[in-house]
Amino acid sequence: MAGMAAGLTLSGCDSAWPRGANGEEMRVNFYNWDTYIGETTLADFKAATGISVQMSLFGNTDELFARLKAGNPGFDVIVPANEFVTRLRISDMIEPLDHRKIPNLRNILPDFIDVPYDPGRRFSVPYTWLVLGLGYRKSKVDGVPDSWKWVFDSDRYAGRIGLFAESDDIIRVGAKYLGASVRGVTPAMTRRVVDMLIRQKPHIKVFHHDEGQDLLAAGDVDIVVEYNGDIAQVMADDPDIGFVVPREGTLLNSDCLCIPKGAPRPDNAHRFINYLLDARVSAAISRTIRYPTPNGAALALMPDAYRLNPVIFPPAAVMARGEYGDFEGIARAQAVDEAVTEIMAA
Amino acid sequence: MNGPLDYLGRWPLRLWLGVVGLFLYAPLAILVIFSFNDSKRTFIWRGFTTRWYTVLFNDTELLMAFGNSLTIALISTLISLVLGTLVALLLWRFRFPGKAGVEGLLALPIVVPEICLGVAFLVFFSAVLPWPTDLAWPLNLGVIIIAHVSFSFSFVALVVRARLASFDRDLAEAARDLGASEAQIFRDIMLPHLRPGLVAGGLLAFTLSLDDFVITFFTSGPDTVTFPVKVYAMVRFSVTPEVNAASTVLIVLTAGLTALALKLQSSETAKKAG
Amino acid sequence: MTASRSDSWRASRSDSWRASHSDSWRASRGVFAILAAPPMLWLFGFFLAPLALIWGYSFGENVSLTQIAVNGSLGNYARAIKPLYLAIIGESAGLAALTTLVCLIIGFPVAVAIAFAAPRARVWLLLLIMLPFWTNLLIRTYALMAVLRHEGTINTLFGWLGLGPFDLLHNSFAVVFGLVYVHLPFMVLPLYAALDRLDRSLIEASLDLGAGHIATFARIVVPLALPGIVSGIIITFIPALGAYLTPDLLGGTNSLMIANIIERQFKSANDWPFGAALSFLLMYLTFAAITLQALLARRQGGPPV
Numbered sequence: 000m001a002g003m004a005a006g007l008t009l010s011g012c013d014s015a016w017p018r019g020a021n022g023e024e025m026r027v028n029f030y031n032w033d034t035y036i037g038e039t040t041l042a043d044f045k046a047a048t049g050i051s052v053q054m055s056l057f058g059n060t061d062e063l064f065a066r067l068k069a070g071n072p073g074f075d076v077i078v079p080a081n082e083f084v085t086r087l088r089i090s091d092m093i094e095p096l097d098h099r100k101i102p103n104l105r106n107i108l109p110d111f112i113d114v115p116y117d118p119g120r121r122f123s124v125p126y127t128w129l130v131l132g133l134g135y136r137k138s139k140v141d142g143v144p145d146s147w148k149w150v151f152d153s154d155r156y157a158g159r160i161g162l163f164a165e166s167d168d169i170i171r172v173g174a175k176y177l178g179a180s181v182r183g184v185t186p187a188m189t190r191r192v193v194d195m196l197i198r199q200k201p202h203i204k205v206f207h208h209d210e211g212q213d214l215l216a217a218g219d220v221d222i223v224v225e226y227n228g229d230i231a232q233v234m235a236d237d238p239d240i241g242f243v244v245p246r247e248g249t250l251l252n253s254d255c256l257c258i259p260k261g262a263p264r265p266d267n268a269h270r271f272i273n274y275l276l277d278a279r280v281s282a283a284i285s286r287t288i289r290y291p292t293p294n295g296a297a298l299a300l301m302p303d304a305y306r307l308n309p310v311i312f313p314p315a316a317v318m319a320r321g322e323y324g325d326f327e328g329i330a331r332a333q334a335v336d337e338a339v340t341e342i343m344a345a
Numbered sequence: 000m001n002g003p004l005d006y007l008g009r010w011p012l013r014l015w016l017g018v019v020g021l022f023l024y025a026p027l028a029i030l031v032i033f034s035f036n037d038s039k040r041t042f043i044w045r046g047f048t049t050r051w052y053t054v055l056f057n058d059t060e061l062l063m064a065f066g067n068s069l070t071i072a073l074i075s076t077l078i079s080l081v082l083g084t085l086v087a088l089l090l091w092r093f094r095f096p097g098k099a100g101v102e103g104l105l106a107l108p109i110v111v112p113e114i115c116l117g118v119a120f121l122v123f124f125s126a127v128l129p130w131p132t133d134l135a136w137p138l139n140l141g142v143i144i145i146a147h148v149s150f151s152f153s154f155v156a157l158v159v160r161a162r163l164a165s166f167d168r169d170l171a172e173a174a175r176d177l178g179a180s181e182a183q184i185f186r187d188i189m190l191p192h193l194r195p196g197l198v199a200g201g202l203l204a205f206t207l208s209l210d211d212f213v214i215t216f217f218t219s220g221p222d223t224v225t226f227p228v229k230v231y232a233m234v235r236f237s238v239t240p241e242v243n244a245a246s247t248v249l250i251v252l253t254a255g256l257t258a259l260a261l262k263l264q265s266s267e268t269a270k271k272a273g
Numbered sequence: 000m001t002a003s004r005s006d007s008w009r010a011s012r013s014d015s016w017r018a019s020h021s022d023s024w025r026a027s028r029g030v031f032a033i034l035a036a037p038p039m040l041w042l043f044g045f046f047l048a049p050l051a052l053i054w055g056y057s058f059g060e061n062v063s064l065t066q067i068a069v070n071g072s073l074g075n076y077a078r079a080i081k082p083l084y085l086a087i088i089g090e091s092a093g094l095a096a097l098t099t100l101v102c103l104i105i106g107f108p109v110a111v112a113i114a115f116a117a118p119r120a121r122v123w124l125l126l127l128i129m130l131p132f133w134t135n136l137l138i139r140t141y142a143l144m145a146v147l148r149h150e151g152t153i154n155t156l157f158g159w160l161g162l163g164p165f166d167l168l169h170n171s172f173a174v175v176f177g178l179v180y181v182h183l184p185f186m187v188l189p190l191y192a193a194l195d196r197l198d199r200s201l202i203e204a205s206l207d208l209g210a211g212h213i214a215t216f217a218r219i220v221v222p223l224a225l226p227g228i229v230s231g232i233i234i235t236f237i238p239a240l241g242a243y244l245t246p247d248l249l250g251g252t253n254s255l256m257i258a259n260i261i262e263r264q265f266k267s268a269n270d271w272p273f274g275a276a277l278s279f280l281l282m283y284l285t286f287a288a289i290t291l292q293a294l295l296a297r298r299q300g301g302p303p304v
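Protein sequences, first through last, are from chains Z, U and W. Counting from 0, one number per residue, gives the positions in the first sequence under numbering that gives the first Met the number 0. Counting from 0, one number per residue, gives the positions in the second sequence under numbering that gives the first Met the number 0. Counting from 0, one number per residue, gives the positions in the third sequence under numbering that gives the first Met the number 0.
No lab work stands behind these hints: they were computed from the structure. Everything numeric in this text was worked out from a predicted model, so none of it was measured. Any given hint could be a false lead.
Subject to a maximum C-alpha distance of 25 Å in a straight line, what follows is the list of computed SDA-like cross-link-like pairs (lysine to any residue) [claimed, not checked]: (1) K98/U with R28/W; (2) K45/Z with I288/Z; (3) K139/Z with P164/W; (4) K200/Z with R28/W; (5) K200/Z with I289/W; (6) K262/U with R121/W; (7) K98/U with I289/W; (8) K148/Z with A92/W; (9) K139/Z with E150/W; (10) K139/Z with L83/W; (11) K98/U with S23/W.
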């Protein structure tokens, strides 16, 4: 009962926000993945600046895009993946960033400053980066399954395989396995991937949506396609779980911070982004979420257990075979979606 | 009560009811049990703790979302009841050109896929009828409330119509002959008969609103988060026992409130009879 | 009361059993206006208008990532009736039909038990059936996952009996299980309402005349309760057809339902015109089915549903 009353009174409370020296309300609406932030980051920001951060959650970047497509309902900072930075940029849905308000940008490693999806980082700053690979249960799998073959093209682990259901990724990684690049996948190559996956389908247990690590930990599957950070999180609780990046190479991603057009509090948004790039703050976030960080200054503060963890930071040889994908036009996106529907309906 | 129709007294039906009850409640029991699980993930038991309830009651965002959900449900139920009853009375009482069309239109909210409606409202309220985003609470919940009413008043109409079908027109005729006005007829004769239908319709509308996810997802913004939307985002990433704790509280609350309402109603009827 | 008045009353009463006995709207325009205006305004302004927008989109195409041009193109519908999508609609209808059947089989005895229980027990039983419905759908589905998975409750119980872990999750069985779990109250309530209105004396008469319980049910109860049964079937089947959270989480690789495809169009595929076309195609088909069923019912001479 008390909770309900508290809820009702709290709901009525957000109509009266004090305004700061910059004329903006002392708050920031942050649209982010769940638990993709340090345990005390938001509270610390409030303590340091007096600005409250309200974090709203989305389940995947497509939801983010769908929500923003008809207009910004009030978000100040969002966390799209690199390809969505491209989409948002060409649809004129994000604001150019004022680098003077983000001095901590100098903490970012040089590799992440001039990227193809946002040259010079005019619209985004990197938050994390991710490597797609295979999470597996060591006791149920022979040795280290370091090839995509075990999930795409083999019945060795029939009935115990989990695949990612996100459209573009599955086609692109399939192409990588067959020897092509993740970019510019031709219709002929797409066809080959579709046929291969339709053949593989009887052996696949489930198409998951980014909860692969939970399925692996629960024992529903023994080998699953997932991001390194997610698997690193369950590895902390369960030493029987391993992660490997297949030798054919893989898809790399980077989640970035952007300010959507129509953000009600752009100045506070810049301050928040700058705060997240601070070395100690970024290190604290990485300690919680266990994803690799593009922040060099933060990296220097992290313990060896993090920096030298091959799951979080795959060795250079592996990284050399990783590629970033990108948005390749509406027609291509439609074709890929239909290809995935075909696989899932077969 | 042990006549030939006392089916409940017979063991096959009792057994059936028991099995169905088990089927319905076992997952909920597991839900409640795992809300006391001492682990970040919900499905492997690691020990007993009540810390998730502490986390829950300190999670102001979740509580706010819950407050929003309740407010939306209450307001939209009231509006749905009014609109649903009006249209049920309309269809029951009058013949008019286009009546079959109206009946068909009323079936639409039940048939349209929710995701389609959600996107429709999203586009409508941003392109055609922009709803200002900086209104005070609870006006900023307006879009969600309107959306909820739009899909739930058909259900209310359905339930009330079913109840109206058993109403004896002659009673209203008699009252009219005796000089009662329309308003009096409605208030003193029809309303009491309709009451069970209104309660059932209201409960249905309340539930539909409280639990709605898809349509609310598209019509809510960062300042108007509701409970299902918040829970959805939380569980997409990984299910922590905090969500179980929130559900347990919700179940206990709802069960408690309804039991209370029933007790009050039965003591009221007992008083009237006695 | 004079004799003529009571005669006319009796005459009108026998009329009302057959004719609809509604007034023409002209008879009391004031009341008509009050009853009609608010719901109709709301229906047109806040329901049909947004829906018409999306209907327009189904005839449009994406000209950029955010702009949709409504140009009367039938491309989306042409794509929607490709065998790939029709097959998915067919399979979804099959799963939904199976769900409805299971709900009917499980729900009918439950409704009977409640309808013939003591009045006080009746309310509590109805409450017990409705209560799970008040839990958040997503959470209920996760709870079902905990019950059905390899290390879940059911398999643990089987394990104690020495039986191997069964594959109860991530397949069509789990989807039907989940859909039945969610939609059972939708079936029980109309069934209960129909049975409640039944004239008990008919059943008792049939039993007195020597028919067994089963025969009585088959030949007296079911035909009389038919409108309620049909209501229950309709309000179970249609939401089951459009369900997407449950098949998404519980389904395996062979349990793709049409609502999941539609959802993808509005989210990851970013193809709103095609999503709109698929949704409306589904609606047209559902309407056709309902109309067909209504026509058949009328031809049979039964009461209109």
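We went through each hint and held it up to the structure:
no. : hint               : verdict
1   : K98/U with R28/W   : 15 Å, holds
2   : K45/Z with I288/Z  : 20 Å, holds
3   : K139/Z with P164/W : 16 Å, holds
4   : K200/Z with R28/W  : 64 Å, violated
5   : K200/Z with I289/W : 36 Å, violated
6   : K262/U with R121/W : 14 Å, holds
7   : K98/U with I289/W  : 17 Å, holds
8   : K148/Z with A92/W  : 35 Å, violated
9   : K139/Z with E150/W : 16 Å, holds
10  : K139/Z with L83/W  : 36 Å, violated
11  : K98/U with S23/W   : 11 Å, holds
Of the numbered hints given earlier, the model fails hints 4, 5, 8 and 10; all others are met.
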